[in-house]
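Chemist: Here the protein sequences line up with chains A, B, C and D, keeping their order. Taking this note's numbering, the leading residue of the first sequence gets 1, the next gets one more, and so forth. Taking this note's numbering, the leading residue of the second sequence gets 1001, the next gets one more, and so forth. Taking this note's numbering, the leading residue of the third sequence gets 2001, the next gets one more, and so forth. Taking this note's numbering, the leading residue of the fourth sequence gets 3001, the next gets one more, and so forth.
Treat the hints as calculated values from the structure; they're not laboratory data. Careful, some of the hints might be misleading.
To be verified - Rough simulated footprint, nothing fancy, chain C against chain D, three-plus residues with beta-carbon under 8 Å: (1) 3169-3180; (2) 3216-3223; (3) 3281-3294; (4) 3304-3311.
To be verified - Taking lysine-lysine and the BS3-like style, the derived pairs with C-alpha atoms no more than 30 Å apart in a straight line are: (5) D:Lys3393 <-> D:Lys3270; (6) C:Lys2005 <-> B:Lys1108; (7) D:Lys3350 <-> D:Lys3270; (8) B:Lys1149 <-> B:Lys1108; (9) C:Lys2173 <-> B:Lys1149; (10) D:Lys3293 <-> D:Lys3026; (11) B:Lys1149 <-> B:Lys1124; (12) A:Lys216 <-> B:Lys1149; (13) A:Lys231 <-> A:Lys216; (14) B:Lys1108 <-> B:Lys1124; (15) D:Lys3293 <-> A:Lys133; (16) D:Lys3350 <-> D:Lys3109; (17) D:Lys3350 <-> D:Lys3393; (18) D:Lys3109 <-> D:Lys3026; (19) C:Lys2005 <-> B:Lys1124; (20) D:Lys3217 <-> B:Lys1108; (21) D:Lys3350 <-> D:Lys3026; (22) D:Lys3109 <-> D:Lys3217.
Claimed, not checked - Short derived list, chain B residues pointing at chain C, Cβ under 10 Å: (23) Arg1048; (24) Asn1118; (25) Met1151.
Keep in mind the model is a prediction, meaning the values are calculated, not measured. Even glycine gets a Cβ: it sits at the ideal position worked out from N, Cα and C.
Chain by chain, the residues run as shown.
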Amino acid sequence: MTDFEPILVSEEVVAGYLPGVDILNGVDLTLGDGELVGIIGPNGAGKSTLVKAIFGLVTVRSGVVLLRGEDISNLAAHELVARGVGYVPQRENVFSTLTVEENLRMGLYLRPEIWDERLAAVHELFPLLADRKHQRAGFLSGGERQMLAMGRALMMDPRMILLDEPSAGLSPANQDLVFERVRQICDSGVSIIMVEQNARRCLQICDRAYVLEQGKNAHTGAGRDLLHDPKVIDLYLGTLGRAD
Amino acid sequence: MPSSEAPLDDLARTPGVPKPDPILIVDNVQRTFGGLQAVNVQSLQIQRGTITSLIGPNGAGKTTLFNLLTGFDRPQHGDWHLNGGALVGIPSFRVARRGMVRTFQLTKSLARLTVLENMLVAAKDQVGESFWGGLFGRWRHIEAANEAKAMASLERFGLDHMASHYAGSLSGGQRKLLEMARALMVEPEVIMLDEPMAGVNPALTQTLLGHISALRDDGKTVVFIEHDMDVVQEISDWVVVLSQGTVIAEGPPAHIASNHDVIDAYLGLHHGEKP
Amino acid sequence: MDWVKILIDAGRAAVGVPAAAYALSAIGLNLQFGYTGLLNFGHVASMMVGAYGMAITVDRGGSMWLGVIVGILLALILGLILGIPTLRLRADYLAIVTIAAGEILRILVRSSWAEPVTNGILGIQAFADEFFDLNPIPVGLYGIGRFRFDERTVWVMILGWGLVAVVTLFMWKLTRSPWGRTIRAIREDEDAALSLGKNVFGYKLQSLMVGGAIGALAGMFLAIDQQNVTPDTYIPLLTFYAFTVVIIGGPGSLLGPITGSMIFWFLFEFLDGVMTGAVLNDWFFGWFEATDIGPIRFALFGVGLMWLMIYRPQGLFGSHEEMLIDAQ
Amino acid sequence: MLLAAIAFLAIVSMPLAALAENETIKGTLEKIDADAREPVEGVTITVEQGGDLIGSAVSDQNGAWEIPVPGAGEYVVRLEVETLPDGVALTDPERFELPDVSVRENQNKTARFNLGPGLSSGVSAWNRIGSLFVIGLKFGAIVALSSVGLSLIFGVTGLVNFAHGDLVTLGAVVAFFFNSPDLGGGWHILIAAIPAVLLVAGFGGLQEIGLWRPLRKRNTGLVSLIVVSIGLSFVIRYGILVAFSGLPRPYLNYAIQSDMQILGITTVPKNLAIIGFTLVVLALIGLFLTRTKLGTAMRAVSDNADLAESSGIDVSRVILVTWVVGAGLAGLGGVMFGISEQVQWDMGAKLLLLIFAAVILGGLGTAFGAMLGGFIVGVAIEMSTLVIPVEFKTAVALAILVVMLLVRPQGLLGTKERIG
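Next up, chain A with everything else stripped away, as it sits in the complex (with noise of 0.2 Å):
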């Protein structure tokens, strides 16, 4: 299925956030080393759910996450960061009232030693946080702090991130920005799983690419393959695309 040594794997994850009410219903997920995987789905499939279920924000409730072998099962947000897991949530994923540099700098509260050498890393993938380095995060644009929010994320020097809708709220050539970033990132030797809304870019950037739906896996496959395919449509606009 695929050609890399395997990071992160989900098998059947059941979790939800209310008692009784289960978001995901058995989630099976495969990250390889150095893959970029999508995550798409319509809304409601549970597709920010899985990421944070992957990174313990949300119990899981059933089923197990593994990180190269490890059960990482509703372990800390903070413990996954210590093992390499970086994670930029969809919103309100920079400190506002911090400057654009200690957004960074507590990117690396676990590894400040390696402060010169990550700054300078994250400073060439977006040369704009340099220039913007005394300014408060709450004033940057929206493009300017999903920028900060992955710069904060890689400054750990991760071995894999989630990045939860990226795209989200951004104008279109902001929007092409992110998706060359987080594939140039990916191609810097970082895994990445991506959730995203915009199912198309991110089927055209992505290795390999999950289909969400109710909770559980719908489809599966290599990204462009999926880009053409009439399911995926039919998934997201139902009976009204079969018409198209």
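Starting from the known structure of chain A, fit chains B, C and D onto it as the hints suggest.
Modeler: Just chains B, C and D now, with coordinates in the frame of chain A:
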């Protein structure tokens, strides 16, 4: 299934098209949060006695539009009328009294009231709800009538056996049902449902759909936010598509299916296909 | 240690004048906090304006009846002035504003600026003669064995528990009416109530005012018993006593304030007796003096309040089902 | 844990005097000018104990007054400033109240108020305004020091801690024990302050671990937490009363200082020292919050706890540190307060509403706002006495608090709740 008269079939499929008998007319409503434009609806009319679905990707501004129209949020700019009466600046509870009632995406059951009390709270024209009326008013016969009505409604929604339980002890799906039944106790002309089907099992979805159709058959106007396209297709007379705060398309469900703007809004643009 | 005496003293406190006064005060707070969910930390201000309203009226030659009306009116006005700007604030801010407003009012009343009316820190005395002159009970002690009260106390107790009964009846009528149901709905979820067409702000204001008027009655009753009002009686501690009484009895329960107050005063007196005995018998190895008993009692009061709020937020007899819902 | 603390403090408690009879407090009011003495008539003096009024009297034509008291003990004797005739004023405007008049059995205790010509006649307006400003800054420094912790703790946990004022008292009282030659080592107060601040800081940490963290894990609601903090405030306050007794007592050092003149302003050296020392401490706190990793992490948790956790910050450890730092600062504020005035069992509780005023003025949750708010409240309180009676000065701060909440609830430095 869409209503047989289908008075809307002859309308143009352009955003903001005027309706023959609009109950709700929205003009140029704008709401920004900081620099972000959440809602910017130039023109939108809702036809009386129909089911109108409001769809659109995450963050399109659907719930914000609901909040604005029902007085739970204030726009920077705009104007809207219910049955010809202006609603700008009218507090939310008065909007409800004028006949437009909403539900919430995260159900708001009144946990430490019983199911029956939840229903009775919503009942209209209870003189006992005023302070003096409660103390000295003759509210008991009204209460008895409301109770009969509430029990009938609970029975219809399959909650009558729970009437004396605390609403907090209901399951998630039952709360959804209760919230809808409760909204109906206000006897609204327009009922606005925010994702009534979210987090509900498929069997219950069918029940809810049945209830929503029944509302239209009772002559009520329903506006609802939904993300399951099959549901939208099955039940709505008219579909309004919101993306980045603006109405990008509207028309009968079949028309929406063939609209490229809608598909792009949902799936994202192909690379290079910038508008 | 004389356990019988301790128990009798505690029993006397449980049915005595302070228990009636705090039951009354807690009924008002229960309407605001228990039924409507308002975190009013300035309840003592209502008690103060009630007491002062009556005392000043009588001091200026009015009758006590007129004084009662003035006291209630003042409390209603206070509720209005306090409520209109503050009822839209979040619970913690509301708590801070109301406690501050109560203190501002106390400072104003004790100031020399207000002295021509309030008599400053000295307060007003001997304004309830009219009430005591009406006492039909012959001089003597009433009760069984050591469980006895003199005729003056009995007369005040009749007034106090009579007021408690009347106000409870009023609350029974009010809270079982659709009005009462609506304020409970507001306590559960303001937005839901708004969406159903309820004027949430109006109901909260009514609840604050009516609860305040009941608090004013409690203040008047305490003042009548002591024949004395001084500003420094009305410190925030009184509000917190009332909160504890409400929580013991169960917030939002009709009879809760009565049982809560009786239990509160029973325990308070009982602890006092036990500790006095313990100090006299030197059970504490000489760590504590007799003068420490008061403070220790207050510290234990704090422990009790914490314990209740953590383990029994629905009151000592609160229903299990409600607690489960509360925990969600 | 708390009971153990109470028991510990109880070991070193001091008894109050027993009851007796025939005691009075008396005095003679005289205006002492450069060369003349004249009796002052018609001035009201009151005596209180534990907040209850004991009695009052008006000075006669010889300036004499006498008030019977129910027994031996500690009383508060107050001169009602408003009743002073024109041209007569207290030589020290802050000494209108004698908080610690101790009466022995059968004693006719004399209480003394020093009166002189009114400041308006004898002292320049500049001096009058300037010295009030200095007093205001000093009081503001104490409020600011005590407020920062409350605001920080609110920022990271969302709790409005009604027991925070009692941490202030605790700091003052613990320092008193180390300062006292009978009960502690008789250490100089500046040395005694060190263990006091450390112990209060430790107490803050214990509170977090033993009480607040478990309650947060249970998802206890905001209202319940506030009520719990009120319960805790009673435990601490009355525990202190048992251990320390009700009488106000000064530290051994700096209790009495003679006036000094600086830039034409009359003040005492310790006022300037408190202001200077506090500014240094607050600057260090500011540097800690902005320049260190841990301080930045505190602001990060305050800003968005979930994101902080996702960034690898151990949020519960940061909260623990915030409690330790916040409580320690409150303790330090208490020591300063004790040096400035005296140590009393309810000094912090009385300060609590002013602390609230300061944090809400500056913006709840922002440390710098609390500092700014503290100084504004302190100066506003003291300077207000230029235009309104002294007895209203606390009400001024509370009025600022109320108005601020109504006009701009997020405070001067706070930002509006983020929407969406």
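Chemist: Please flag the earlier hints that this structure goes against, numbers listed from lowest up.
Modeler: Checked against the structure, the hints that fail are numbers 1, 3, 4, 6, 10, 12, 19, 22, 23, 25, while the rest are satisfied.
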